[in-house]
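Trainee: The lines below spell out each chain.
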Amino acid sequence: MSGINGKIRLAVFKLTSCSGCQQQIIDLGELLLALLDRVEIAYFLEASSDAKPGPYDVALIEGSVSTPHEEKLVKNIRENSKIVVSVGSCATYGGIQALRNWMEFEEVKKTVYEKPEWVEALEKSRPISDFIKVDYAISGCPANKLQLLSTLKQILIGRRAYHREESLCQECKRKGNVCVVVAKGEPCLGPIIKEGCGALCPSYGRGCYGCFGPTIDPKPDALAKRFEDLGLSREEVASRIRNVTSWSEPIRRFLESYER
Amino acid sequence: MQEIVRSKLTPTPAEIINIIPETPDTKTFYFKPKAKLEKPKPGQFTEIYIPGVGEAPVSVSGIESDGVIIQTVRSIGTLTEYLFKLGRGDLIGLRGPYGKGWPMEKLKDKDVLIVGGGIGLAPLRPVIKEVERNRRDYGRLSILYGARNPSLLLYRYEFDEYRKIPNSELLLTVDRADETWTGNVGVVTQLIPKASVDPRNAVALVCGPEIMMRFTVKALEKQGFKGNQIYLSLERRMKCGVGLCGHCQVGPYFVCRNGPVFPYWMIKKYFWVDQI
Amino acid sequence: MSGKDYFEIRVKQLARVEGEGGVWVKVKDGKIDYVEVNIFEPPRFFEAFLKGRSYLEAPDLTARICGICPLAYVMASSRAMEKILGIKVSDAANKLREMAFYGEWIESHVLHFAFLHTPDFLGKHSVFEIAKEHPQFLKDAIAARDWGNKVIEIIGGRPVHPVGFRVGGLHRIIKKRELEQLLGNYDEVKRIGRRLLEFILQLPIPEIRYDMVFMSLKGEKEYPILEGVVANNLGDEFPEDEFEERIIAEQKRYSNALHYRLRDGRPYITGPLARFNLNYELLSPEVRDVLEEFGFKPPLRNTYQSIIARAAETYHAILKIGRLIEEYREPSRAYEEAEVRAGEAVAIVEAPRGMLYHRYRIDDGGRILYADIVPPTAQNYAAMEEDILKVGDLILKKPREEAQRLVETTIRNYDPCISCSVHMIRLRIIEE
Amino acid sequence: MFSGPLYSGGFSELKRLFQEIRDRNYRIVGPRLEDGVVRLGELQSFEEIPYGVSDVQRPGYYRIRVDGGRFRTPLDSPKQLLYPPELTIFRVTKDWKIEYPSYRFEKTALFGIKPCDLAAIKIMDRVQGELGDEYFLKMRENLLLVVENCVEPGENCFCATMGTGPAASTGFDIAYTRLDNSIILFQPGSDLGADILGELSLEPATPDQVGAFRRAILKAAERAKAGFRLENLPDILELNLESKVYREIAERCLGCANCNMVCPTCFCFDIIDEPELDGSSRRIRIWDGCHSYSYAQVAGGHFRKDLWARYRHSILHKFVYWLRQFGSFGCVGCGRCITWCPAGIDLREVISKIVEEVEERCRK
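Chains as they are written, first to last, in this note's numbering: chain L, 1 to 260; chain G, 1001 to 1276; chain C, 2001 to 2432; chain H, 3001 to 3364.
Everything labelled a hint here was simulated from the structure, so no lab data went into it. From a predicted model like this one, the values you see are computed outputs, not experimental measurements. Any given hint could be a false lead.
[As the list claims (entries may be wrong)] According to the in silico footprint, chain L covers these stretches of chain C (three or more CB under 8 angstroms from chain L):
id, segment
1, 2067-2078
2, 2332-2345
[Unchecked claim] Distance windows between CB atoms, simulated:
id, chain 1, residue 1, chain 2, residue 2, range
3, L, 105, C, 2339, 32 to 38 angstroms
4, C, 2191, L, 256, 53 to 59 angstroms
5, L, 37, G, 1178, 47 to 53 angstroms
Using N, Cα and C, we set each Cβ at its ideal position, and we do this for glycine too.
Chain L on its own, in the form it takes in the complex (with noise of 0.2 angstroms):
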């Protein structure tokens, strides 16, 4: 609470990423107006030019590390914040840019840019927490604005941030939602993945493809042997499970063998 008027220091910074959590911050709307009565904004670009030099108390970092730079820059944010929080799935699990990571980096480059030689990237997208301690980690793509409200709000009594982590199937059926799987023959990667979006891709009859990353204890061995049932190819069940938050651990772990 080193900020004006006793309030919490935040900063907000960005990686490798497409700015949509911090796009939740802004989103909050009212609730980011009361927020502010809390919380002073030290370091947010995309809101103020105003951008003061930390410490701070909590830095949210949205994005992946991708390039030498954002290494560099992810370590000092550690050195200056006490409490580190990556944001959604980039940050996390090193989000939808990590799809390369399963290509020849090579190739990749040559695909997208004609002089491949000037890009500076690395040959991964990583998540923060490979390069520095983080002390909370809330996923999705977009990270949720009320779970990201809540973490703020935890923070601020100065409780351990905590948030259900259990299977996204247990948040759809609490919202009554029909079980696509069960009635539509549809894959969805519900059962691997955590609660915390609102289960919207079967609110909207569709299959989830994971944007929030996987539940704590996932079993995607079992669920790649269901989809296999439902009649899709292997080629096909490692493309599906291949998505947003592939480069969590669990995911690439059981793609890894999948596909070996």
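Keeping the supplied structure of chain L fixed, place chains G, C and H upon it in accordance with the hints.
Mentor: What follows is chains G, C and H alone, placed relative to chain L:
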């Protein structure tokens, strides 16, 4: 018709009136409830609540006549970590007391063997106090207490008092000694053969980590203790405290409602089963 | 500074753009000689990892290019795939897409003009500072964004990376009564749209006039959003499929985003200003009334006035959504399907900040073989650089701090959606 | 299985029954076709009940057919209504004032629920007891229960094994049985039920109809059986706590807890404390289940870290512990956990295998 639904899971505010540091991660709190709570019995627990933070079941380690409840807490989870930041005068919430405590009526005229491991001594402390208070009602009192290292022993400031209780003994041990330690080294079960109680006419009250309790039961049986002479206080995730939320089940029992203290014979069937 | 070949101001950050970038200005003989808009948003290689994925995944995956205007990506990729497969989307689905897309315009435009750009004109760091003098402005801005977001949320599940859309239409049928929730406070929302526009029209906006090339989609009967022909103020009009023939792309060493120009090397502007100028007559009459009340006449000939185009389009979007809800009839099917076949197609939609171009080739199994995506911001780089050259005199005459602000404001005229292409902006003025 | 007098009528009488209940100012909740499934929802008219729609329910599989057939257990159980998935318990202000939420409790008729779901409500009554959840108890006070007996159980039904169906014997206000498309037999189960039925001035069922009713129910009972018997089942399961079947099933189980969620008797909940910006905070109760990873987790420990142990607990709770806790099995044989398991795990098979294992061992 619009109706207000009053939950039974409502805490009573209580003021922290004293805090005693015990070990690096353990403190003893004195709570004075703003409204009268039922008087806890030894071995019962309360749910300690902090708004916006959560709740945790904590056993009662002392009961005072003026309604003050003494509880020893280890900082290990969200709630307890937060509780450690509070000071005198701060308010918390209490629900309870809940559960079945130690079988005090069954201890009458019996030797009492207390076996505690680490923070497990906390729920046993009211038994010691009770035996001390009504000394003639009970037989020999033997307190066996162990911790991982000397700095983790609770209530060290009271040990002399325990030793002064007539017809009693206090045997201590630590897994790892330091330079200050001159006593026993080893696990608490090693003390069991040394306890000078008569297994034919004794009741053993055990509380500690699950693994320690397993070894203790084995050691006690070796001394001739029967299933109805051993009482264990179990730990589970007692979220509601009243047998509604389901989390604390061990076999057919709700630890919060049917326990936390169980006679060994009652839970024997499940006690040795992995992850039951 | 004599005795040195150049002097340099390093402006570490240009804030209130959605990301980071830098501007590098080289001065020779007291005149700006060379400008680089320097982007250091890390490359994300979408076009590479799209290869091999199912055509059905293109909307969800490409949405992730930008958290500010994901729907633009959803729309462009869906439409390209539909063209390949010959799918005709139902009228209802089209209406829902438009509603949601307009919702995104509101969300994005208000974010930009209220949160990011207005502070420039009022000499403030952030909208929160403005709110002290103009509390209603911030309130209105928040309410308008909330409403825009709500539109997307109802139709697509969430405003950022919505899940409700798919190739061929939507994943589920949206009930009319779900949409009607949006009309609960509609009169107030309309008033808010109008108030925001009026507020923007009263900002002190610099008067600088010069010639520019505007390019945008042009609508036939409606203001363009989902489709149209490509047009510019030079009188050219061509179908979206010809875009690549008309435009050249170059990779710059200093930037991860490709730069685009007309074939003759001239930069062009895409975005609200271009749309506004090329489609003025198609704006809702209510919007034109307000503009004309304040004495504005098309075309807007000043990139600083792009903020007006944004506010006008916001009000237009609010009006349009209301009309679309009224016209909406629930379809019998949520989406149309067609047999998968190999093919290639192009689609251009109007993202909030300009033309968004997608081109895909898929094989007969529906796997993506090739993807090319040209976001609007990349198209605007050359124009941004040109713009700074044009206001060069102003920049050089001002004290350094003000000069920086002016450069920043100039860049922000384009609402560079940095995530799709760029990052924080650093100003370096190098004097030789 | 059979009790009480039977009265005869048809669809028009059933409709009049619906109307009569409505006229008595009940909100009516019953099966309706929505989101491509039959589920419980508020009914505005009798016609909303999808008589003539049938469902195919198999392990991990559910489809609707409009073929003049019959539907079985709807997706939702009465739990959805009586024990909502998410409920605010209270709000506590900064200065420790506790504010309780208020809810609307209307007279509600559950129209056309199945005997298994009736049994589930009765089990929940015992689970909640007087200690129980206040919301549940208040909802329960206002409930009118109209049961539709099953003459065509589905593939996943095993109410006959669990002794909860295919016909309800007690605990309802009114039961009806669709013998075929023209004959419906009505049965009062309470004074209120008799009073309501009285308004329809029905004729007593003919001996032929009663005979047909008994035959239909007995035939249905033959179909609604699991591959195991309840006799000694708790003992058998307890004899085989270390069964390898649990570990085998855990290879297929996803740990998603869908089975917990759809179970009409699963009552476990988690509590969430949400701090608010104004210094107040909320306590919220949400459904939880023993398949949840965090279910048996405590600060600094975990009592059922492995999925097989969580799966075992769910079986033992329903078929062993429940009996000792509440005096009945915790399973009513509705088959929802089988239908809605995304992995298609069939509880009946699991139990049968464990039983077999023990029998095998006994033979040796």
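Trainee: Do three or more residues of the segment 2067-2078 of chain C come closer than 8 angstroms to chain L, measuring C-beta to C-beta?
Mentor: Since 3 is at least three, the answer is holds.
Trainee: With a C-beta cutoff of 8 angstroms, work out whether three or more residues of the segment 2332-2345 of chain C approach chain L closely enough for the coverage to hold.
Mentor: violated (count 1)
Trainee: Just tell me: holds or violated, for the beta carbon distance of residue 2191/C and residue 256/L against 53 to 59 angstroms?
Mentor: Cβ of residue 2191/C to Cβ of residue 256/L: about 57 angstroms, so the range 53 to 59 angstroms holds.
Trainee: Does the hinted range 32 to 38 angstroms hold for residue 105/L and residue 2339/C at CB?
Mentor: Given about 36 angstroms between the Cβ atoms, the range holds.
Trainee: Between the beta carbons of residue 37/L and residue 1178/G, is the distance compatible with 47 to 53 angstroms?
Mentor: holds (49 angstroms)
When the structure is compared with the earlier hints, a violation turns up for hint 2 alone.
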